[in-house]
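Position chain B relative to chain A; hints supplied.
For reference, the chains in residue letters:
2 protein chains.
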Amino acid sequence: MHSAGKRILGLALASALSMAVGHAQTAPGLTGFDAAAASAEIELEGRFDKAIQPGNLKPWLERFAARPHHVGSPYDKANADYIAELFTSWGFDTRIERFDVLFPTPRTRILELTAPTRYTARLAEPALSEDPTSNQAAEQLPIYNAYSVNGDVTGPLVYVNYGVPADYDELARHGVSVKGAVVIARYGGSWRGIKPKVAAEHGALGCLIYSDPREDGYFQGEAYPKGSFRGEWGAQRGSVMDMPLYPGDPLTPGVGATPDAKRLAVTEAPTLTKIPVLPISYADARPLLEALGGQTAPEAWRGALPLTYRLGPGPATVHLKLEFEFAQKPLYDVIATLAGRERPDQWVIRGNHHDAWVNGAADPVSGLIAMLAEAQAVGTLAKAGWRPRRTIVYAAWDGEEEGLLGSTEWVESHADELGRKAVAYINTDGYGRGFLDAGGSHGLERLVNEAARSVNDPETSVSVAARARAAAILGADSADKRREIRARGDLSIEALGSGSDFTPFLQHLGIPTLNVGFGGEDAGGEYHSIYDSIAHYERFKDPGFLYGPVLAQFGGRLVLRLAEAQYLPIVAAPLAETIDGYVKELVKLGDTEREKIDEENQRLKDRTYQLAADPTKVSVPPPTVAPAPYLNLAPLQNASARLTTAAARFDAAVADPKNASRLTSAESASRLDAVLRGIDQAFSNEAGLPRRPWFRHQIYAPGFYTGYGVKTVPGVREAIEQHMWKEADGEAVRAGEAIGRAADLLDRATAIVTGP
Amino acid sequence: MHSAGKRILGLALASALSMAVGHAQTAPGLTGFDAAAASAEIELEGRFDKAIQPGNLKPWLERFAARPHHVGSPYDKANADYIAELFTSWGFDTRIERFDVLFPTPRTRILELTAPTRYTARLAEPALSEDPTSNQAAEQLPIYNAYSVNGDVTGPLVYVNYGVPADYDELARHGVSVKGAVVIARYGGSWRGIKPKVAAEHGALGCLIYSDPREDGYFQGEAYPKGSFRGEWGAQRGSVMDMPLYPGDPLTPGVGATPDAKRLAVTEAPTLTKIPVLPISYADARPLLEALGGQTAPEAWRGALPLTYRLGPGPATVHLKLEFEFAQKPLYDVIATLAGRERPDQWVIRGNHHDAWVNGAADPVSGLIAMLAEAQAVGTLAKAGWRPRRTIVYAAWDGEEEGLLGSTEWVESHADELGRKAVAYINTDGYGRGFLDAGGSHGLERLVNEAARSVNDPETSVSVAARARAAAILGADSADKRREIRARGDLSIEALGSGSDFTPFLQHLGIPTLNVGFGGEDAGGEYHSIYDSIAHYERFKDPGFLYGPVLAQFGGRLVLRLAEAQYLPIVAAPLAETIDGYVKELVKLGDTEREKIDEENQRLKDRTYQLAADPTKVSVPPPTVAPAPYLNLAPLQNASARLTTAAARFDAAVADPKNASRLTSAESASRLDAVLRGIDQAFSNEAGLPRRPWFRHQIYAPGFYTGYGVKTVPGVREAIEQHMWKEADGEAVRAGEAIGRAADLLDRATAIVTGP
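Top line first, the protein sequences correspond to chains A and B. The first sequence begins at 1 in the numbering used here and counts up one residue at a time. The second sequence begins at 1 in the numbering used here and counts up one residue at a time.
Simulated from the structure, these hints should not be mistaken for lab results. Some hints could be false.
Chain copies aren't distinguished; within one or between two, either way the pair holds.
[What the hints assert, rightly or not] Okay, derived cross-link-like pairs now, DSSO-like style, lysine-lysine, Cα gap no bigger than 27 Å in a straight line:
(1) Lys617 x Lys179
(2) Lys617 x Lys226
(3) Lys605 x Lys617
(4) Lys58 x Lys617
(5) Lys226 x Lys658
If we strip away everything but chain A, and leave its shape as in the complex, we get:
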């Protein structure tokens, strides 16, 4: 369900200039391998590349996306069976794991404008002759948001922009309350599940989410089928469960949704919404917005519909009635294993989901088929007698769209074993034409860069790393950023929030994780609609399937290098540098928030708002806020300094030729692996984040009020953002301890490398 963004590798991190340090770049540039092993690896990858069969991608896409295949549907099960069949045929030890999860589907969807005029929303996407699979109405899920509660509400309408907390502050400045109202928010600005959550916190009765043509329609480009972009009746399905609390089956938090699992009652499930919520098209939104009165919306709130955006409340009054069948449905994860020859209890896990909202050609089938091409090539190597040093596990997840159901339940079911065995998880989801996009554990940043330098972009003559670097330079917003990108040996990788199956691995279990893909030149507009189809994909996403084989090459290199390396290819300096960047951001954030509060209070004291206000308009000054204290972020700063020292020592030890034998001896390298794979566990703690214990990682989490968007050092960052100063101080201690544990771990690793 990863929304097709245009993020580009290397844009994520504002950090220091230096950082060409780390492991000495060996001739082949393969961290984790000595010269001989690197040569063997390069040779292996050459055979791997040849074993990729690009010709399979198109028939696979056309098979998997031929019919709607959401969780619980017959075609979803058929796809899972076929995937299992393929893995088996390639020599993997394959099984399907079933979980039974809550999956609501709509029985009643009524949305009416009842005053001052009448309009009944259509809530349907028309079949198009240009798109042959768009007419499979009987199998398509209707337009709805999964995990909305039932509701039958009528109230005045209020336009809330993106529906994030800051938007409600702005409404309050205009004297507009949503208490007893139905809100209409546009998609964008946050993950969709945040919108009904924040609306309910402010007393709204119901929530509509529409796709404004500004972000998702003709403003972006010609509408489908003339161009790729969302047409007037297109709407975005999607989950609205409170995933920042915990993902997965709402009824089985923290444990696998196995037949015997203890389940919450639906009414107790905390991740269902508090109010009914429905996504609508811009054609359905237009009459509602046209009927809105009240003040003209602030400029940044206005979309691309040909009307004056106003706030309400009313006179537009809407009636929203939603009823769902809260059924338990089976989901099918396909798990395929190739046992390791030397360290079979170290697992490199590679996954992509197989379920879709409707036909899902782009999301997720494109990523799935690239992973299958990769797995088939790995299978070909295995059939020729090769076995990886570590065990490789391929997974095709089900139920991702509804809330990472398949991956989360699998991770929760196998938590103990994964905690002992998993060395890394590599995720992909739908991809498109364009630029490499990578995020994850920063200890793996060097691995990503080395792999990216060894795979060629199909549109230019250069590596995907060189292309991503060019895009990052053009996308940089300052000369300093450009200088940094040019000076740095590696491109930065992003921190991960949520939005795909990496979340349970990284943020619940603390497994080193990467999420990779391509995109930025693929035109959008089909996301979570019936038009995410074969026809759309082959015209707009990756015509000719040029990037699928490239993603297979790239994902395959990550898997093969992690599986084959003599010691886990973790370079510590980028990790320490990145965390130190976060700590500096937090110090600045504390200052910024304090200054903002001081400025507001100064304005209130001086009556600045009152004097500048237009007396013919409602204008309510913000409330007075207590001045912010200075925060004690020293525990974070000291821990970060320790980590920087430990990281430099570790990288230097690895680079020192006199330690080489300890990196190649199976015995000491195996002990080293056991330590290195624990870094993200060190960053985690059992208690988890405040008010959401499922999220244990202290460095990366999805934002409580952003959803997919990452919050780094989330305990501290969100406490500062929400002005919970005591909590910020406390979380700084906890996050500092986590960083300290990682430094300890690196010291232990250094001791192994340097020997007794």
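Coordinates of chain B only, in the frame set by chain A:
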């Protein structure tokens, strides 16, 4: 024709923090007056305020705006006659000065889409029952741009965004040329006359300018008559003469358009456009834009019409035929004088235009009636026996809309006398509800602030200065700016570009000038349309005529203080500070441009553009540019340092009690005046700016490629912007000399103040 902006006093200047220095703030805060004279002045202003008759404003507005009154029309002459009658009745020595100017009006206006579909543009604004004067079709000027040449052209259409030079660079990056094409630009981003000028420079055959609802329609607020904003058929008339070359009658550059003036042939007039140009409504633009193909326009280029903005060229093909009657028309400036009692040969001139594009209730009648209310009150004082120390001249200009015709011809006709006698010119134009807005010669910044502190805002309990300060604080884009505004005793005034009748006074003759008004809470949409009407004004611009009397009070204070002060109320420190700010900006601009060129060349060398480009789209890297040299701006920097020193010395001398007698003795104060009124002449030079000698001021000018928008230290700034490095060095010498002359003048003034 000043477009209703939302500029707020105090937003203009990025400068140092200090600056509470300058003249010691005397108890009443009246620079130019000793304590006794200040008391008398305060008493005089009290009587002046009482003499203002707010009840006159509404009937005057309804009389002057009752019928269309463009230059050359019968009602324009009738208004001039009535204004003269009023001035005469108030005791002013009044005359009407006539000039004969080129004023083209359309005979043929045809705009057709000829392929791929057909559409004939309506080119007319419908009468509205809600707006009683909107049906005066027989007297209304049609929708057109004055000083377009004739033309009959057909070509593919290209969308050029705002049509400024940077937009053509962007088009080139997309491989799109406008050679042989008709361009369609949206209003905004520059003064309208720049659009056909730049289009012609790039080889276009014709130019359309339309009002996009993004800037000027429903995106901003509800359309007229429901709200105030421009409706689908509304269009913006306006002049497109090349005013940055010279304003006024195109046939008599530099001299008054008197009967015996030597005139150019129309075909020789350099300020007419090179290609035909026509303004259109968004309803007329929409079918043209919908028919455009080619690449999707960059995001920043997209407006608020419900379509995908594309660049073309074609397949949309348009036929544009324009024929004008190039007639000579009479214009009537009303000049009313109240002779000074002590220094009759020092003139304080106060003006506002009286002509309009159509009915012009807001532009210019609102400003005109506020000036008349002010003049009537001055007349009342005079009838009671008072005479000003210096002569006061009121002017109601004609032909402003077409290109500052009336003011320019009058200034050119009286250049010698004005050069000897004028001490200041105070301009207004249309105004609306809201915040004080002031710009002009920075030696008068203190005067503006003192006057603003003594006039109360009608909507709040505070002075217009306090209100402007509050708005400036909220509008500031950084904490530093806010700190500066709070710390500074005075609010900064803006530098003047063009767009109203101040230009010939300030930029041609070097007369100290101010342009003042109110606005920011008046809803727009009527600008230069038939809906700039009584009905629109009384609903949206200044309902209840609250701000007209305030503008009369404020303008009156400026006039009375300039006319009554014992010595001209010029404070030098803000002037020096402002110029030093410009010099620092220019140093930075030189660095920025050099770095930009270096960055581009680095990208070209590294093939960054090629690697990041989408190969399925046309993407042309920019041309290689020679590296920029380091500039010698030392002449400017040294001159600015000298001016700062001279300014501090002058202000200190004025503040020193032991010099008080020389400020109040008529003999020495009169000599001081003669020096101080020369500051803007010192800033000017006979040769004028490169390629536009009419513009002589070396500190303030309208931008050659922005039109109304100011370019400070224009010779240097525009040379840097256009990468004419040698010219930049040369202009730095010339501007430095001008600043040095002003410093000399201040030294002479100091010598007068400190005595022999």
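Can you give the numbers of the hints that this structure goes against, from lowest to highest? Those not satisfied come down to hint 5.
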